[in-house]
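*Asks:* Listed below are the residues making up each chain.
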Amino acid sequence: MTTPSLRIGSLGAFLCVISGVALLTVGLASQPLEPQQPPPPTPPEPQQMPPMPETEQEMPGMQMPGMQMPGMEGMEGMEGMDMMGSDPAAWRMPPMDRPMPMLPDLMGTTPIVDPFLPDVDPMSLPEAVPGAIVDMEDGDEIDIRASLVRRTINGKMLVMYGYNGMYPGPLIRAPRGATIVVNFHNEIPAETTVHWHGIRLDNRFDGVPNVTQPPVAYGESFRYEIFFRDSGIYWYHPHVREDIQQDLGLYGNLLVGAPEAAYYSPVNHEEALILDDLLMDDLGPIPYGEQAATHALMGRFGNVMLVNGTTDYRLDVARGDVVRFYLTNVANTRTFNVVFGGAPIKIVGSDVSKYEREEWVDSVVIAPAERYIVEVKFDEAGDVPITNSIQAIDDFRGEFYPHIDLLGTVVVADGATSTDHSAAFNTLRENVDVTSDIDDYRQYFDRPVDHRLELTLDIENLPQAIVLAMEFEAGLYAPPMEWNDAMPMMNWLSSAEQVHWTLLDTETGLENMDIDWQFEVGDVVKIELFNDPDTIHPMNHPVHIHGQRFLVLTIDGVPNENLVWKDTAIVPVGTTVQYLVDMSNPGDWMMHCHIAEHLEAGMMLGFSVREPGQ
Amino acid sequence: MTTGRRFVGTVAVAVALVASGLPLVPVVATLQASVAKVPAIPGNPCSMTELPTPNLPYYAIDMVKTGRVPGTGRSRGIGEASFARSPFGVSISPDGAYIYNLTIAFERLKAPKQGHYTVWVTTAEVDRVKRLGVLDDDGSARGRVAWNKYLVVLTLEPEDNPEATMWSGPIVSRGMSRSGMMHTMAGHGPYEGEPCAKYGFGMVNPLRSPRPQ
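Protein chains in written order, with this note's numbering: chain A, 1 to 614; chain B, 1001 to 1213.
Hint data in this document are derived by calculation from the structure and do not stem from the laboratory. Since no wrong hints were added, every one of them can be taken at face value.
DEER-style ranges, computed between Cβ atoms:
| no. | chain 1 | residue 1 | chain 2 | residue 2 | range |
| --- | --- | --- | --- | --- | --- |
| 1 | A | Gly415 | B | Arg1128 | 38 to 44 Å |
| 2 | A | Asp437 | B | Lys1130 | 39 to 45 Å |
| 3 | A | Asp383 | B | Gln1114 | 55 to 61 Å |
| 4 | A | Glu561 | B | Gly1067 | 40 to 46 Å |
Note that CB positions come from ideal geometry on N, CA and C, so glycine has one too.
Please construct the entire structure, taking both the sequences and the accompanying hints into account.
*Replies:* Have a look at this one:
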C-alpha cells in the first residue's frame, strides 16, 4: 500500500518537528515559514469610505451609454446605478446569472449601509501563496497571522485577507488527542477572533467575541490552545463579521488523524477541498456593508467558484486511483451539490465522525460550514470535471433552470494505478466503532423534546417595493433550499439592520440571544427545529452548535437510519429536524445559523453547560 | 406564541372514514395535533361534509377532481411529498432536482365498476410522464419523483399495465406540486408594467433550456 499523498492546491509541504519547535518547509518555495517573527504591523491609512450619494444624479458614472457589465446584458432599470464608476469601493449592482428587470421603485437605490472594501493599494501588499500543510504533534506551537494580502482572481488584482499569507490558511494536521498552541496575531485593520469550528475544545478558546474572549484588535494577539478530541476534518475562521472576513479569505482546515491504522480505507491520494464562492465583477469584489451586512435575506451568493482559493483547481491521478476528499464548505450562504463527473462516490464521514455505514451517493450536498469525507474512484482516463450542479430558480420568470459551475478538474492519466484499491473501495464498511459510540445514546432517542425552536424572520424599513414583491410571493412557493440568488437586487438591498432572522424558543417566546438555556455536562438534549414556511421570506438554514456534537435523529418525523456525529446540519424550509445533542463540554456556547449574513442579522443564541453541582 | 401556525412533525396518519354506501378508504394526511377530528356518523353520508380540512404539510398536493368519472364526485385526494432518504438531509439528484417520496391517497372514491384507478406524475409540459401505480385497497399509491415541478394525475385506466407510458383513460383528479405556484412576475404585482411577451411568455421563451425528447 502506498502512503497517501495529501496536498492542498498544487503545493506539497512537510513539517519537521525539531525539539518541539515546528518548522514548516514548503515544497515549492523551499522557504521555512515557521517560526516567523513578523515586524510590528504598521496601521494602514484610515480607510476612506466614499460618501453615499445624496441623489441619483450625484452618483458617479451613471451615464455611460454603451457599457455593460458581464451578466447584465438586457437588464432594465439600471440607469441610476454607479455601474461603471472607477471606484471599486462604491456601490454598484451585483452581477446576475440571468437578466431581469429592476423593480421600478428601486431604480437608483443602494443599500442603506456604506460600502466597504479594504482600501489599500494591492501592490503594497505581499502576494498570497497557496496554502501549505503543517504537521503538528502534541505540545507544538504555531504562529498564525491574519493579514492583508494581494490576490489575483480571474485576472483581477484584489486586496483580500489571508492567514499566514496563504489561500486557504495553513492546513494543520495533528493526531487525535493532541493539544496544540496557536499564537494568533491580528494584522487586519479590524477586530477579529478565530473560531475552531467543530472542535470540542476548552471553552476559553472557542473564539466567540465578548462571550469566550475579547475581540482581538488590530496589532494584538491571542493564544489559543486546541485539543483535538475527535478525528476528522475541521476548519477555522473568524467569528467577527464573517460575511466580510471569511469571504475575503480567512479560513483554513484542521485535519485530525486517527491512531488506528485502518480508521479509513486505503486510498491512493487524500485531498482537502475547501469550497467557496466570491461575488465580484470586473472591478473586483462587490463591496460589503460597512455598518451591517448586505444580502441579509438570502446571504451573499458568489459568482466565482473557488476550490482552495483558486478558480482552476486540478488534481492529477492515475487510472484506477481512489481519492479520499475532505470537503469543507466555507461559502457565506451557498449550498453545493458536488458531482465528480459521474465517477462513483462513497460517503465515509461528516463533521465529527464517520457514518455508521458507508453508502454510495451520486453527488455530495454540502451546506455552509458542513464537512463531508468521500472516496471517489477514477476508472476512465481523461478529464473528470468537478461541478456544482443545481436547478437554479429564476424568481422573475418563476421557473427552475439547470445551472452548472465548474469547480475543478481531475486529470486521469492513461497509466494504471500503481496500487489497486478496488477491493477496499467496492466494500461498504460498517463502522462498528461509530455504532458502538452511538449505542450509549439510543436510550435517549425517544425522549421528549427538551426545546423547540422556530426559525423565522422579521423585517423593518425595507424599501416598499421589496416588501410588496415579497408579499406578492409569500405563501405561494418557497423552495426547500435556495441554491442560487434568485432575487439578487432585493437581496443585495436588504441589510442586517432591516432583516432580523430569528431563533424563536416556542416555549418561552424568547428569541436569539435572549435565550439562555442551561445544561449540565452529561445531559443529552433533544432540540427540535422547525423552519417556518409561512414567513414573508423563508429560507434554509445550516444550524451550527459550538463545542458539542449532535445526531440528526429525525427529519419530518422519519428516523435517520445512518447516523453520524455532526456540528452543523441543514434545516430546509418547511421541515422539522430533531438534533440530539451530547452536552459533553462545559462552558458558554453558541448555536446559530451559519449563513454569514443570517448570523449578522441576529440568528444566534447562547447556552451554558456547567459541571454537575456548579 | 405561534404554535397555532406550526406543524407538529409530518407524521402520516391514516384516517379511516366511514361513509354509507362507499368503501372504507383511508386518507394519508398530516394532521396538526390541535385539529380535532370530527367523527363520521355511520349511515349518514352528509357527516362527511363536516370533516375538517387537515392542516396539510407545506409541500402537500391538493388533488382537484374533474367530475368526469361516475363515483368520484365526492372524492378527496392528498399528495404528500417528503424527501427521499439521504445522508445529507436533503435528497438531490446529480442534476440538482429534488428527489421526493410521493404518497397519493384518496378517500370517498367509489370502486370503479371496471378499470383501475392509476396515478401518474408528469412534468408541467407533459413531455415526460411516469406511472406511479394503481391505487391499492387503501386508496393509496406511492412512488418516487425527481422533478422540481410536476403534476399528479389520477386516471381510470382500462388495464393495469405497468409498462404504460401514458394514460389513456379519463382524468379523475389532478394536482400540482407546490412549486407550480411559482409564477412569472412579468405583468403582475410590482412588475405589472413589464409586458409578459417581452420575457418570453405567450411566445417561445428564448431563455428556456431545450427539453429532452
